[in-house]
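Q: Each chain, written out:
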Amino acid sequence: MRLHSSARPAAAGFALAMLMMSVAADAQPPGFGGPPAAPRSAQESAQVDLTGYWVALVTEDWLWRMVTAPRGDATSVPLNPAGRRIAGEWDPERDAASGEACRPFGAAGLMRMPVRLHVSWQDENTLKIETDAGEQTRLLRFGDGTPPDEKSWQGYTTAEWTKPVGGFDLRAVLGGRPPAGSDGPPKGSLKAVTTHLRAGYLRKNGLPYSENAELTEYFSVVSAFGNDYLTVLSIVHDPAYLNGDYVTSSHFKREPDDSNWNPSPCRTAPPLAAAGE
Amino acid sequence: MRRIDLLAALALSPLSIASAQVDFTGAWDHPGLFGHEDFNDRGSGPEIGDYMGLPLNEAGIRKAESYSGSWLSVPEHQCTPHPAAYQLWGPNTLIVNTEYDRVSRVAKAIRLDGTFGIDRIVWLDGRPHPPPEALHTFEGFSTGRWEGDSLVVETTHMKPGWLRRNGTPTSERARMIEHFTRFDDYLLVTTIVDDPVYFSEPFVRTTEYLLTARPAPVLGDPFTRNDGPIFYKCFPAEETTAGKYYVPHYLPGENELLDEFSEKYSVPRWAMSAGAATMYPEFAARLETGRSRGVAAAPADVPPRQPPPDGIRSMHVKGNVWVIFGAGGNVTVQIGDEGVLVVDTGTSGAAESVRDEIRRLAGDRPIRYVVSTHFHADHTGGNVLLANEPRQQAAIIAHENVGLRLVETGSDAGNLIMDTFYGGSKTIYFNGEAIEIIHVAAAHTDGDSLVFFRGSDVVSAGGVISTTSFPSFAASQGGSVEGLIAALNRILDITVAETRAQGGTMVVPGHGRLYDETDVAEYRDMLTIIRDRIQHGIDNGDSLAAIKRSRPALDYSGVFGAESGPWTTDAFIEAIYRDLAGDR
Numbered sequence: 015m016r017l018h019s020s021a022r023p024a025a026a027g028f029a030l031a032m033l034m035m036s037v038a039a040d041a042q043p044p045g046f047g048g049p050p051a052a053p054r055s056a057q058e059s060a061q062v063d064l065t066g067y068w069v070a071l072v073t074e075d076w077l078w079r080m081v082t083a084p085r086g087d088a089t090s091v092p093l094n095p096a097g098r099r100i101a102g103e104w105d106p107e108r109d110a111a112s113g114e115a116c117r118p119f120g121a122a123g124l125m126r127m128p129v130r131l132h133v134s135w136q137d138e139n140t141l142k143i144e145t146d147a148g149e150q151t152r153l154l155r156f157g158d159g160t161p162p163d164e165k166s167w168q169g170y171t172t173a174e175w176t177k178p179v180g181g182f183d184l185r186a187v188l189g190g191r192p193p194a195g196s197d198g199p200p201k202g203s204l205k206a207v208t209t210h211l212r213a214g215y216l217r218k219n220g221l222p223y224s225e226n227a228e229l230t231e232y233f234s235v236v237s238a239f240g241n242d243y244l245t246v247l248s249i250v251h252d253p254a255y256l257n258g259d260y261v262t263s264s265h266f267k268r269e270p271d272d273s274n275w276n277p278s279p280c281r282t283a284p285p286l287a288a289a290g291e
Numbered sequence: 010m011r012r013i014d015l016l017a018a019l020a021l022s023p024l025s026i027a028s029a030q031v032d033f034t035g036a037w038d039h040p041g042l043f044g045h046e047d048f049n050d051r052g053s054g055p056e057i058g059d060y061m062g063l064p065l066n067e068a069g070i071r072k073a074e075s076y077s078g079s080w081l082s083v084p085e086h087q088c089t090p091h092p093a094a095y096q097l098w099g100p101n102t103l104i105v106n107t108e109y110d111r112v113s114r115v116a117k118a119i120r121l122d123g124t125f126g127i128d129r130i131v132w133l134d135g136r137p138h139p140p141p142e143a144l145h146t147f148e149g150f151s152t153g154r155w156e157g158d159s160l161v162v163e164t165t166h167m168k169p170g171w172l173r174r175n176g177t178p179t180s181e182r183a184r185m186i187e188h189f190t191r192f193d194d195y196l197l198v199t200t201i202v203d204d205p206v207y208f209s210e211p212f213v214r215t216t217e218y219l220l221t222a223r224p225a226p227v228l229g230d231p232f233t234r235n236d237g238p239i240f241y242k243c244f245p246a247e248e249t250t251a252g253k254y255y256v257p258h259y260l261p262g263e264n265e266l267l268d269e270f271s272e273k274y275s276v277p278r279w280a281m282s283a284g285a286a287t288m289y290p291e292f293a294a295r296l297e298t299g300r301s302r303g304v305a306a307a308p309a310d311v312p313p314r315q316p317p318p319d320g321i322r323s324m325h326v327k328g329n330v331w332v333i334f335g336a337g338g339n340v341t342v343q344i345g346d347e348g349v350l351v352v353d354t355g356t357s358g359a360a361e362s363v364r365d366e367i368r369r370l371a372g373d374r375p376i377r378y379v380v381s382t383h384f385h386a387d388h389t390g391g392n393v394l395l396a397n398e399p400r401q402q403a404a405i406i407a408h409e410n411v412g413l414r415l416v417e418t419g420s421d422a423g424n425l426i427m428d429t430f431y432g433g434s435k436t437i438y439f440n441g442e443a444i445e446i447i448h449v450a451a452a453h454t455d456g457d458s459l460v461f462f463r464g465s466d467v468v469s470a471g472g473v474i475s476t477t478s479f480p481s482f483a484a485s486q487g488g489s490v491e492g493l494i495a496a497l498n499r500i501l502d503i504t505v506a507e508t509r510a511q512g513g514t515m516v517v518p519g520h521g522r523l524y525d526e527t528d529v530a531e532y533r534d535m536l537t538i539i540r541d542r543i544q545h546g547i548d549n550g551d552s553l554a555a556i557k558r559s560r561p562a563l564d565y566s567g568v569f570g571a572e573s574g575p576w577t578t579d580a581f582i583e584a585i586y587r588d589l590a591g592d593r
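The listed protein sequences derive, respectively, from chains A and B. If you're matching positions, the first sequence starts at 15 in our numbering and goes up one per residue. If you're matching positions, the second sequence starts at 10 in our numbering and goes up one per residue.
Quick caveat, the hints were computed from the structure, so don't treat them as lab data. Please note that a few of the clues may not be correct.
Sample of chain A residues with no beta-carbon within 12 Å of chain B, all distances over it, derived [to be verified]:
1. Ala-52
2. Ser-112
3. Gly-258
Derived list of chain B stretches under chain A, where covered just means 3 residues or more per stretch with a C-beta under 8 Å from a C-beta of chain A [stated by the list, open to error]:
4. 201-213
5. 415-422
6. 570-580
Not the full set, but computed from the structure, chain B residues with beta-carbon under 7 Å of chain A [stated by the list, open to error]:
7. Pro-40
8. Gly-41
9. Leu-42
10. Glu-46
11. Asp-47
12. Ile-186
13. His-188
14. Thr-190
15. Phe-192
16. Tyr-195
17. Leu-266
18. Ser-275
19. Trp-279
20. Glu-297
21. Gly-299
22. Gly-358
In this text, all values refer to a predicted model and were calculated from it rather than measured experimentally. Don't be surprised by glycine CBs; every beta carbon is placed ideally from N, CA and C.
For reference, chain A alone in the conformation it holds in the complex:
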C-alpha cells in the first residue's frame, strides 16, 4: 500500500519525461541527452521508405478502373447534382482534341489508375512520384514552400511524416530503435496535401473534380508473404462536385527493378461496350 501511493509521483514523472522526449525526438541524436542537433532533412528523417518501383494491383473497382465505365456511371462516387451533370457530358474525344487527355491522370484520380509508380528523392526535401501510364510527375514537398500561381494536373503538394495517433512513440525514448516486441525498422507514414489542381477526373469516364478540390493522402508500406505493398489512403474534398469527401484506398506491389516500366502518354480507352460496337 505504501509503495503504491508513493509510486504515483514517480510514475507521473516518468510518463512526463517520456512525453517530453517524444516531442523532442526529431531534434535529438539517438540516445538520451546531448546537445540538440541540426534539423534533419526529410530524407534523413524518413519514417518509411517509399522509394522504388511499384505496380498497381487493381483488385478493387475493377469495372471502373481497369476498363472505362460507360458515361454517367458514378457507382460508389458521391457526386452531387452538379457533378452528375458534368459527368453526363463527358466526351473523351473532345478532351483529346482540346489537349485535355490527361484529365483522368490528375492527382485526385491518378493513384486509382492502373499505373506503375517510380518513387525517388528529387532532393533531400522533395519526394518525386512518377507514373509510366500518363507520364505524370508528382512532387511531394517537405518544409515551407510557396505554391505556384498556375494550376496543374498534379497541383502543389506539401508533405510531412506522421506520428502515431492516440499514444506516444516509445521509439523516442529508445533513441530511434524499434521497441522490443516489434519487428523491423520504425515504420510510420507520410501525409500529403495537394491543392492548386487543374480540374480533372476521379475516374476515367469523366467523373469530375474541380480546380478547388483538395486532396489529402496517407502513404505507408506494409509487408506480407515476402512482398512489400505501398498503400495510399486518399480523401478528395470538393464541395463543388461532391456531396461529401470521396475516400478510397489503393495498393501497389513493389517491383524489383524498372524492367516493367512502360511509359505511355495520357490516353483513355473507350468503354468496352463501345469498343465492341
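Put chain B on the given structure of chain A with help from the hints.
A: Only chain B this time, still in chain A's reference frame:
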C-alpha cells in the same frame, strides 16, 4: 530511485509494449456508410462472373464457376457469416475494443466486431496458434503484434470461405495477414490473403474506415435503423422444395450466368477467367487486343502449412470426449466415472503409445468398451492390446461385417470375442450419456459405424471422413460412393451448429482435423459435386480417360488430392467412375 528503475523497466518491458501503441478502439464506419469502393460488395453482392482483379488459379476459377447462389439455401449453409477474409469488405460497421488481463492490466487482446461476420479476437499475449487438427472457424485464429505504427494480425484456421460474395473461393489452407493503421480519424486495413490452393499469388485489399460520431452504433445498423438490439441466432429453414440433401452447383460449361455477365459488362469470357493477370495494368491493353495469357495452373496437391507433429498427442473435443492423434487413425476416447470407451484404436504399432495417452487422460479408469467403426488395420490395430489390459477385459462392439472382414483378412483382432450387431444401430448408456452406434451401409466399407455421444454432442465418424484425403471406398470391401454420400448426410441429420453455421456438434473424422457441421456439409458437397460431374460424363458417353482429362476433382485436389500413395486423385476418380458405371 529504485522505484523509478522499476517503473522504467515495466514501461519498457515486452509486456508493456504489447499494449496498444496506437488507439483503434471505437466504432468505425465505411466513409459514406457504404464506402466509395466496390459498391456491389457493400450492397446486393457482386454478380456471378465478376472474377476479375482476383489472383485465382484454374482451381479457383473452376470452383467459382460451379458456384450457384442457391448454395445459400442449403440448410447447413443458410446461417454462414461473412468469413474473416471478406468480413471487412462487406457492408460493415466495425467496433474495436481492447481486452485487458485481469491481473496485470496489460492489453491481452483486441476484439473486432463486424456487422455480418463473427466477432474476432486478436490475441496480443504471445500465445501460439492452435495445432493443425484444431477446429477451423469462419473468423479463424488471430494473433497480433506491433510493427511500427501498425497492428499486424496473422490469422490461420479459417474455414473455406470467399473473397467476394459470388463464390470466389478461399480454402482452409489460406493464411491472412492484416495491417491496421490509423491516420487521423481514418483506419486503413490492408488485408493480404495467401491461399496456395486457389490463388497463384497473394490477394491484397485495402479497406478504409472513418471513426464514427454516431451515437451508440449497434451492429446491424443501418439495417435495424439502430432501434435496439436484435436477436440474430439464425436457425436454418426449409427455403426450397428441392430434396433435403440437394447440393446446388453448375456443371462445367453449363453456367449460363457467365455469359450474361460477359454480355452485360462487355467483358470477354476469357478475361473473366484470366486470374492474376487481370490485376496488373498491362491487362487493359490486352482487353483491347484480345490477347490472353491464360490462367495459372492449379497445384495437384498442396502440403499443409503446418504439418501435424510426430507422435501421439490428444485434444479435448467436448463434454466427456477426447481425441488422440498420431496413431495412424484417429482414436476417440470417452472418459467418465464408469471408465473409458474407445472408438477405434489406431495401428498396432501405436497401440502402446495410445494406451499410455489414455492413461494420462483417464488415470487408472479401466477401458470398458472398444468400438470399431470399420475393420481397417489403422483403426483396429490396437484392439488386442487395449481390449486386454490387465484387470479390464473390454467389450469390442462393431457391426457384424467388421468381424467378418477381420477374420477374412487374418487380422489378430479377428481372434477377439466381439459384441457385434446386425441391424441399423446399437445403443448403450455409459458415463452418464446415451451412445448410439449407427451402421451406415456400403459407405467406406460394408461395416461402417458412426458413434454418436448424445450428451457430449460429438460424432466419431470413422472411415466415412478423412480430412486429409478424398473420401475413400473400395467396392471390393462393400463400399460405394452413394453409400458414402448417404453416410455423410446421416451425420448431417445428427449434427446441429451452435450459431452462425459453426460450433455445436463436433465431428471426429477417421483421419485429420476436427470438423463441425459446416465442415461435414462442405465435404458432402465436394463428394456430391464430383459424383455429379463424373455421372454427367458417363451420361454423355465419355470414357474413363476422357472423364479424367476433364479433371472433375480439380477444385478440391489442392486440399484433398494426392499424386502418390494408396489413394491418389486418379484412383478416387476411377473408383467413382467404376461404381457409377456399374463396372465394379
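Q: Evaluate each hint against the coordinates.
A: Hints, verified against the model:
{"no.": "1", "hint": "Ala-52", "result": "25 Å, holds"}
{"no.": "2", "hint": "Ser-112", "result": "23 Å, holds"}
{"no.": "3", "hint": "Gly-258", "result": "6 Å, violated"}
{"no.": "4", "hint": "201-213", "result": "holds (count 5)"}
{"no.": "5", "hint": "415-422", "result": "violated (count 0)"}
{"no.": "6", "hint": "570-580", "result": "violated (count 0)"}
{"no.": "7", "hint": "Pro-40", "result": "4 Å, holds"}
{"no.": "8", "hint": "Gly-41", "result": "6 Å, holds"}
{"no.": "9", "hint": "Leu-42", "result": "10 Å, violated"}
{"no.": "10", "hint": "Glu-46", "result": "5 Å, holds"}
{"no.": "11", "hint": "Asp-47", "result": "5 Å, holds"}
{"no.": "12", "hint": "Ile-186", "result": "4 Å, holds"}
{"no.": "13", "hint": "His-188", "result": "4 Å, holds"}
{"no.": "14", "hint": "Thr-190", "result": "6 Å, holds"}
{"no.": "15", "hint": "Phe-192", "result": "4 Å, holds"}
{"no.": "16", "hint": "Tyr-195", "result": "6 Å, holds"}
{"no.": "17", "hint": "Leu-266", "result": "16 Å, violated"}
{"no.": "18", "hint": "Ser-275", "result": "4 Å, holds"}
{"no.": "19", "hint": "Trp-279", "result": "13 Å, violated"}
{"no.": "20", "hint": "Glu-297", "result": "6 Å, holds"}
{"no.": "21", "hint": "Gly-299", "result": "10 Å, violated"}
{"no.": "22", "hint": "Gly-358", "result": "39 Å, violated"}
The structure does not agree with the numbered hints 3, 5, 6, 9, 17, 19, 21, 22 stated previously, though it agrees with the rest.
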